[in-house]
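**Q** Sequence:
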Amino acid sequence: MANMMESARRIMKAFEAVSGLCCGIIDLSALDAQQYFSPFCKLCYATQQQRFSRVFCKDMISYACYESERWGGKYEWLCPAGLTFINAMLSHDRERLGVVAGPLLMTDRDEFMADALVVFFDGKPGGELLKLAEEIPYVECGRVSSFADVLYMLTAYAAERDSIELRIMEQLTESGSEQFRYIEEMKNEAAQTYRYPIEAEKALQNYIAQGDRNAAQKALNEILGNVFFCSGGDFEVIKARTTELIVLLSRAAIEGGADVVQVFGLNYDFLKDIGGFKTMDELNAWLANVLIRFTNSVFDLKAVKHSDIILNIITYIRRNYMRKITLNDIADCVNFSISYISRIFKEEMGVSITSFVNRVRVDSAKMLLLQKEIPLVEVAYLCGFEDQTYFNKVFKRTAGTSPGKFRDKRGKL
2 MANMMESARR
12 IMKAFEAVSG
22 LCCGIIDLSA
32 LDAQQYFSPF
42 CKLCYATQQQ
52 RFSRVFCKDM
62 ISYACYESER
72 WGGKYEWLCP
82 AGLTFINAML
92 SHDRERLGVV
102 AGPLLMTDRD
112 EFMADALVVF
122 FDGKPGGELL
132 KLAEEIPYVE
142 CGRVSSFADV
152 LYMLTAYAAE
162 RDSIELRIME
172 QLTESGSEQF
182 RYIEEMKNEA
192 AQTYRYPIEA
202 EKALQNYIAQ
212 GDRNAAQKAL
222 NEILGNVFFC
232 SGGDFEVIKA
242 RTTELIVLLS
252 RAAIEGGADV
262 VQVFGLNYDF
272 LKDIGGFKTM
282 DELNAWLANV
292 LIRFTNSVFD
302 LKAVKHSDII
312 LNIITYIRRN
322 YMRKITLNDI
332 ADCVNFSISY
342 ISRIFKEEMG
352 VSITSFVNRV
362 RVDSAKMLLL
372 QKEIPLVEVA
382 YLCGFEDQTY
392 FNKVFKRTAG
402 TSPGKFRDKR
412 GKL
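Quick note, the sequence shown lines up with residues 2 to 414 if you use my numbering.
Heads up, some of the hints might be wrong.
Unchecked claim - With a cut-off of at most 25 Å between alpha-carbon atoms, the simulated DSS-like pairs for lysine-lysine come out as follows: (1) Lys273 <-> Lys325; (2) Lys132 <-> Lys43; (3) Lys373 <-> Lys406; (4) Lys394 <-> Lys347; (5) Lys394 <-> Lys410; (6) Lys203 <-> Lys394; (7) Lys240 <-> Lys273; (8) Lys203 <-> Lys373; (9) Lys373 <-> Lys397; (10) Lys325 <-> Lys240; (11) Lys203 <-> Lys406; (12) Lys240 <-> Lys203; (13) Lys203 <-> Lys14; (14) Lys394 <-> Lys406; (15) Lys347 <-> Lys397; (16) Lys373 <-> Lys219; (17) Lys373 <-> Lys394; (18) Lys397 <-> Lys410; (19) Lys347 <-> Lys203; (20) Lys347 <-> Lys325; (21) Lys347 <-> Lys373; (22) Lys325 <-> Lys394; (23) Lys43 <-> Lys125; (24) Lys125 <-> Lys219; (25) Lys43 <-> Lys14.
Simulated from the structure, these hints should not be mistaken for lab results.
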C-alpha cells in the first residue's frame with residue numbers, strides 16, 4: 002500500500018499543479034477515510050451538520066470512487082450543493098485508492114451563489130461559506146472532460162494497466178469457462194435434439210437494453226457455447242452467427258435509450274472488424290469489448306446535467322422494482338426532496354419516475370412470461386405489481402398487447 006500511496010500522492014500533486022484544482026486521496030480500505038479536502042467542503046460539511054443534523058453528501062466521494070471503476074475508470078459528478086467533482090481509481094490486486102479533484106464550477110458563479118447554494122441552505126448559507134465559494138475555480142464543460150481524461154490516464158499508467166482491458170480479461174476468463182460448460186451440457190444431451198436457446202437471446206436483448214453488463218455476458222456465453230457446438234468448430238460459421246448477434250445487440254441498445262447515431266457508428270465499426278479474426282480467442286476478446294461498448298452506450302449520462310442523481314435513481318429502481326417503491330423511498334435514497342427529483346428526472350429522461358418504474362417492471366415481466374410454468378398472477382407479483390388488473394393495464398399500454406397474448410405469441414409481436 003505504501004508504494005501505491007506514494008504514486009497517488011505524486012499524481013495528486015502533478016494534477017493540482019496543471020489543473021489548479023484542489024485534490025485529495027481516499028483510502029477505500031479505511032472505515033474513517035477523510036472525505037473532504039477543500040476549505041469550502043470542510044465548512045460546508047460542518048454547516049450541514051449544524052443546520053440539519055445530517056450531511057447530505059456523507060460518503061459521496063467514496064461512492065463516486067467505486068462508480069469510477071464501473072464507468073470506464075473515471076467519473077464526473079455533482080454534489081448536492083451543485084458543485085462538480087472528478088474521480089479516478091488507482092488499484093492493484095486488493096488495494097484501492099481514489100484520487101479526487103474538486104470542487105469546481107461549471108455554471109455561472111453568481112447563479113450558483115444566488116440560487117443553488119442559497120436554496121441548499123434554506124436561504125442562509127453564511128458569510129464565510131459565501132466567501133470560500135468565491136475561490137472555487139470555474140472550468141468550461143469541455144475542459145472538465147479533458148481533466149477527467151488526464152486524471153484517468155495518470156492513474157491507469159501508475160497502476161501499470163488500463164481498467165477497460167482488465168475488465169475484458171476478467172470477463173474472458175469467466176466467459177471461456179461458461180462457454181465450455183454450456184458445450185459440455187450440450188454434449189451430454191446429444192441424444193436429444195438440441196434447440197437454439199431463443200430464451201437466452203431474448204434475455205440478452207433485455208439485459209443490453211437495461212445496461213446490465215454482467216447478466217448480458219452470461220446470456221452471451223450461453224449463446225456462443227451453442228453456436229460453437231452446433232457449428233462443429235467451423236470458424237466461418239461462427240463469425241456469420243456473430244454478425245447476426247452484433248445486429249441484435251445494436252437494436253437492443255437503441256431500445257434501451259442509446260443514441261441511434263452512436264450505436265450505428267459502433268455497429269459499422271464492429272461489423273468491419275469481424276472478417277479479420279482467425280481464432281476463437283480473438284473473437285472472444287473482441288466480443289467482450291463490444292458488450293462493454295453497447296452497455297455503456299445505454300448508460301452514457303455524461304451529457305445529463307444531474308447525471309449522478311439520475312444514475313442513483315435508476316440504480317435504485319433496477320435493484321428494487323420487484324417490491325413496492327414510493328417516491329419517498331427514492332428521495333430518501335438520493336437525499337433530495339420528492340419535488341426536486343421528480344422535476345429533474347422528467348426534464349432529463351423525458352418520462353416521469355413512475356413511468357420509468359413501470360417500464361422496468363414490464364421489461365422484467367416480458368422475460369418471465371416466456372416461462373409458461375409461472376402463472377400470470379405470480380409474474381405480476383414478482384415484478385412489483387400488487388394488483389393483477391393494474392399489471393394488465395400497464396403491460397398493455399407499454400407493450401401494446403396483454404400479458405396473456407404476449408405469452409401465447411412467445412414475445413413475437
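**Q** If you check each hint against the structure, which ones fail?
**A** 1, 10, 13, 19, 21 and 24
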